[in-house]
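Here the protein sequences come in this chain order: A and B. Position 138 (the first sequence) corresponds to 138 in my numbering; numbering is contiguous. Position 124 (the second sequence) corresponds to 1124 in my numbering; numbering is contiguous.
Heads up, a few of these hints could be off.
Claimed, not checked - Simulated restraints on C-beta separations:
#, chain 1, residue 1, chain 2, residue 2, range
1, B, T1047, A, D18, 42 to 48 Å
2, B, S1002, A, D113, 52 to 58 Å
3, B, G1019, A, G185, 28 to 34 Å
Claimed, not checked - A few chain A residues that face chain B, going by a derived Cβ cut-off under 8 Å, partial list only:
#, residue
4, I79
5, R151
6, A201
Keep in mind the hints are simulated off the structure, nothing from the lab. Just so it is clear, CB atoms sit at the ideal spot from N, CA and C, and this is done for glycine as well.
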Amino acid sequence: MSALVASQPLIRWSWIGDHLGEIRTALVQHLELTFVAVGVGLVLSAVLAAVAIRFRITYQPINAVTGIMYAIPSLALFILLTPITGLTKLTAEIALVSYTLQILFRSIVAGIDSVPASVRESAQAMGYTRWQQRWRVEIPLALPVMVSGLRIATVTTVGLVPISGILGSDQGGLGTFIFDGLNRGFNTPIFVGATFTVLLAVALDVLLVRTQRLLTPWTRRVRAT
Amino acid sequence: MSALHQLFVWFNDPANWQGGNGVPERVLQHLWLWAWSMAIAGVIGVTGGLLLGRSRRSGTVTINVANIGRAIPSFAVIVIGVIWLGLGNTPVVIALVLLAVPPIFTFAFTGVREVDPATVESARGMGMTEARILRSVQVPLAMPLILNGIRLSSAAVLATAPLAALVGSGGLGRYVIDGFAIRDYAEVGAGVTLVVALVVVNELLFAWLARLTSPGKRRRPRVSGAFARMTPG
């Protein structure tokens, strides 16, 4: 760490030009790690949420367990898993998934809960089956809340992926640059890693908002007022 | 030897409870980082959230900016901070503050927005000054949400402070990083156990505070309902 040199320029622009290929590879890897983690997290959370909605009594225990998983320091979880799953992508993904569960689980349940009882009863009165009620009425109406949770989970995961770089250069996405810069006392890659991480998060966030607006056109008019 | 047994042996070893690398010292270092970060982030987040939440302008942009704040990789901030400011606790505290502000801000902001405008109007009609309305009406009514934001940030700070060890600072992250360096997973596990224990204490503390600040009624803060209306976008 003492190798950090303050006298070098904060950013050496030519380095960025010379490493565009690597930056692209890291970006793609970062995206992959994020997508898999959020995707798997979403499926698991949906199952947990379905259980919690059906059997209310399970809500608190599931909430507590996912809360504890969220509390385990990311750095430590990456490390603790290595004796079991090695320095692999699997280790990174297990840790990343475990961080998405709490926020996704809570937002799915909160979303379904936000559907007014009157709407639910109307659907029932119109002869919707349970299944239709869930998929055609409750989930569409719950979508804005669910997506808000999905956005937080996605953005947080993008910010956590760099730490998984401690497992090696194949697991860190843009974090690889940060660890590389730290090890060599070279600022530029650290800035590149950090900046692109934030940009990626912004891009994914915007993408999710756009998607949500497309899927729930009725919310647009409400917002305009 | 099972992992649990190794952990037990580690905690049972008196050597791990004494001196600069002992549990009490490391816990104190951890709490020191936590206290500074939360104090600064609390002031910034609560003040900003309350003031911006009171303004009549649309909050969409504000909430979205705060949301993106969650993507700032703490690790990168720490490393960049070390380059600029040198080794020490300052870069770590800066990173933890950046981590802690968005949830505190968002919840304080939403909390004030959630207060029924009719209630605020009544207070105004009764002749309360704006400062008095904020202090006696809006803040008390927003308290459950404000506390929830602080609770979330506090847990996140406790769980993220171990990153400090990557740049040579103290705290419970030392056990994680030093343990990993010599492949002593009992030590890593001990670090994790202590952090999780702190987070659990944090949850209990805030559950108690939440009850304390809502006298008379023993209801839990309606967090899930507020979550629904907090929808950024």
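Hints and how they fare:
Roughly 45 Å separates the CB atoms of B:T1047 and A:D18, a value that falls within the hinted 42 to 48 Å. Separation of B:S1002 from A:D113 is about 41 Å and departs from the stated range, judged on CB atoms against 52 to 58 Å. Against the hinted window of 28 to 34 Å, the Cβ-Cβ separation of B:G1019 and A:G185 comes to about 31 Å, which satisfies the hint. At a threshold of 8 Å, the smallest CB-CB gap from A:I79 to chain B is about 5 Å, leaving the interface hint in force.
Checking A:R151 against chain B by beta carbon gives a least distance of about 6 Å; that is within 8 Å, so the hint holds. Contact between A:A201 and chain B, as hinted, is supported at the beta carbon level, the nearest pair being about 3 Å apart and thus within 8 Å.
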